[in-house]
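Read off the chains here:
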Amino acid sequence: MIETAQEKEGEGRIGLRMEGISKRFGPVQALQDVNLTVHEGTVHALVGENGAGKSTLMKILAGVYGADRGRIEIDGKVRSFTGPEKAIEAGVSMIYQDPDLAEHLTVAENVFLGNEPRGALPFMIDNNVMVNNTAELAENFHFDIEPGAVVAELSTGDCQVAEILKALARKASIIVMDEPTSSLSESEVERLFEIVRRLRSNGISVIYISHRLEEIVGLADEVTVLRDGQVVHSEPMSKLDIATIVRHMVGRELTEFFPARDVRIGETRVKIEGLNSGAKIRDVSFEVGAGEIVGMAGLVGAGRTEVARAIFGIDKKATGKVSLDGKAVTIKSPGEGIANGIAFLTEDRKRTGLCLNLACSWNITLAGLDLIGMSRTISPAKENGIAEKLGRQLAIKWAGADAPAESLSGGNQQKLVIARWLLTESRFMIFDEPTRGIDVGAKKEVYGLLNKLAKEGKAILFISSELGELLGVTDRILVMRRGKLVGNLKTSETSQEEIMHLAAVEEANE
Amino acid sequence: MSKFVRQLLPFGSLVLIICILSAFRPDTFLTMDNFLNVLRRSSVYGIIAIGMTFVIISAGIDLSVGSMLALCGMAGAAVMEAMGGANPQGASLVYGTIAGIGVGVVCGFLNGVLITKLRLQPFIVTLGAMSFYRGIALVMRDGQPINIADYKYLGEGSILAVPVSIIIFAVITAAAIFILRYMKLGRYTYAIGSNREAAFHAGVNVDLNLICIYMFIGVLVGIASMIQVSRTVSAQPTAGLGTELDVIAAVVIGGASLAGGQGTIVGTIIGTLLISFLRNGCTLLGISTNAQLIVIGLIIVIAVSVDQLARSKGKELQSTGS
Ligand SMILES: Nc1ncnc2c1ncn2[C@@H]1O[C@H](COP(=O)(O)OP(=O)(O)OP(=O)(O)O)[C@@H](O)[C@H]1O
Ligand SMILES: [Mg+2]
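Taken in order, these protein sequences are the chains called D and L. Everything in the first sequence is counted per the working numbering, starting at 43 for the first residue and increasing by one. Everything in the second sequence is counted per the working numbering, starting at 83 for the first residue and increasing by one.
Looking at chain D on its own, in the form it has when it is part of the complex:
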């Protein structure tokens, strides 16, 4: 696959050329004189730290923002976009991380939204044509999707496929994917790669943004690295490796990715017995000691998040016994959870994490106003100070603690939620996919942070789909499958294979 792509690249026609692009948001120079050249029918990876300007560059390409300076050439023609429609016309389509489809419509209706085939009468839509065309399009690219399915009932992966179909129906020649895999399950990720390769062999250029560098190695033909709004490197993938990319991204060598675990595990802090919740979670029991980091592995949908929700009092009908430091507690709401010293960082920062239009500082203190002595009156100056301090500690990139959360880049938004739970000083902290969407440097910081929290004697439950980080950071790993706990392994004595086997392989036999 890669060889053929490189052959193409040698003779490759230039599909997209962005030149001298600059963009400023108030005091933040998001992009400075950026050049990007993408050859036709290649996969071009765009990488860089959080806030480096990747999303901004792509939003300029997609006509969402206007550039302050610079020009865009597509197929040799200079284009200036005044809106997303113009960009789509020119063949640029963007697939966002959270698919933006009309939920109540079918796949076919979404694919032809705004572009419906005319029916027999004016203002009528020919549904058959629409469904058939969608099916044909899917067929051509070997996509496996039901044109008549309603979007609300699709998985995230299927939604992305629908979005890609939509782009293809609009004759896209350049498809941009901004962190498409961050909320996909393992098998969906594989399918997406397959689709990307198929797009490439059909002459479509794919610009691919991701913080999972392993993905890029197997997928990309060329890589462009952005740092602080400038291109610092651009080269074919064949001449690069992960370490080099990382060095370009962070501007220095990044060593010892995972912190050394030298913590002594104390007494049992958390004891969960016979937890049942919803239709799925059955009889889950485990313990976490003071200073211990316990990982939780499992496929997407295995019920890991549900366990956390049940413990934190979100699913009120959950039954089972939760004891903290030897005392049984009843927790019927997140408020009670926090009061009992539990923190729960949710996996979906947009839906359950942030109040996007509110100030960063407000988002940081939301769960901890009582704990910082502001249960009666809030002192904005003091609050700001606390937020600024946490911001420095986590190296959050923002225009200031009073900037709205939505003005931060994706990874920095994630740090905002982490800051919120650091503030609560809880004794039991549950982190659900805390490294989603954050860059390598920041990941390392988060691992270090987990380690530090453990050293302070906190009990930590770390849910993740990336086995690598679970193996690197935890003391013990719990494996979930279909709502049941099927493994409780010492990290030092287990392997990726064993965990995968417990989590997935046996399922196939069932």
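Honestly, the hints are just simulated from the structure, not real lab data. These numbers come from a predicted model, not from an experiment. You may find that some hints are simply not true.
[To be verified] With a cut-off of at most 25 Å between alpha-carbon atoms, the simulated BS3-like pairs for lysine-lysine come out as follows:
| id | chain 1 | residue 1 | chain 2 | residue 2 |
| --- | --- | --- | --- | --- |
| 1 | D | Lys374 | L | Lys199 |
| 2 | L | Lys266 | D | Lys374 |
| 3 | L | Lys266 | D | Lys431 |
| 4 | D | Lys359 | L | Lys199 |
| 5 | D | Lys358 | L | Lys234 |
| 6 | L | Lys266 | D | Lys424 |
Using the hints, position chain L with the ligands against chain D.
This is chain L with the ligands only, laid out in the frame that chain D set:
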């Protein structure tokens, strides 16, 4: 700071209207009496609008405030009559006032409980409540008003030459600003309106806070209602018809978004005054009350669309902080 820019437009229009009227009708407009009159009339709407600001920031709406206004007044007046006979005085007036406000609290509580515990949409609940409360107000005396001849203090009284109703308005404004900026209830109001799920997951007791917010607007409607009764020395079961729309308009002109998470008390006060001065100006300029409706309708749409335009242009620049 971007909030400040957003309020510049309604504030500018307010200043402009005052200037125009001062130029054209200096003798009638630019008098202390006229100003106090406008303010006194604003106080009823303004007090309710303050409550509505909380409700709208929380991404809710309360359509029942007009009916509640009538019901509180009728209930308060009925208590005065029951305690003080044909011409109630003194203590019975005080008890009646408390009862009227109390009815507002109960109405708000009911709205809040229905919205949170039954998970119904605020629009639907308060639409039903609008009809329900109005019905009770009308049934109470078979559609007849209750006259309380000596209930004058709230409407006519003054302290050091400042009308009592204006003082109440000012105190409530100050309190509301404080709650919204410096208290958890205010902070949580924004958080719930911005992202209810996120607020819930961060430990905010969403139901309790929403019930408080609807009770808060209930109290304010009760107070506004008693001022209204006192101004006209009678409780009318048809009082406050359409008030909900005027009040929502004031809040929206003041920069709040019906999508929630956005809005300020200062903006609402400006919006309220804008509408009041517009009404007053139209009257002074001899524009009929019917034609005033057209002017106000236009102003609402213009104000909000300019605001939207400015917002979408400034969207990229939101974090400029300048
Ligand atoms: N609408 C906006 N208003 C103000 N500043 C913004 C806005 N959008 C982005 N920025 C700023 O521009 C910079 C680049 O952001 P961008 O979202 O492009 O980063 P990114 O490379 O996509 O990062 P991530 O990997 O975290 O998603 C950041 O400093 C961000 O705070
Ligand atoms: Mg991004």
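Right, here's what the structure says about each hint:
no.	hint	in the structure
1	D:Lys374 - L:Lys199	holds (16 Å)
2	L:Lys266 - D:Lys374	holds (21 Å)
3	L:Lys266 - D:Lys431	holds (22 Å)
4	D:Lys359 - L:Lys199	holds (16 Å)
5	D:Lys358 - L:Lys234	violated (52 Å)
6	L:Lys266 - D:Lys424	holds (15 Å)
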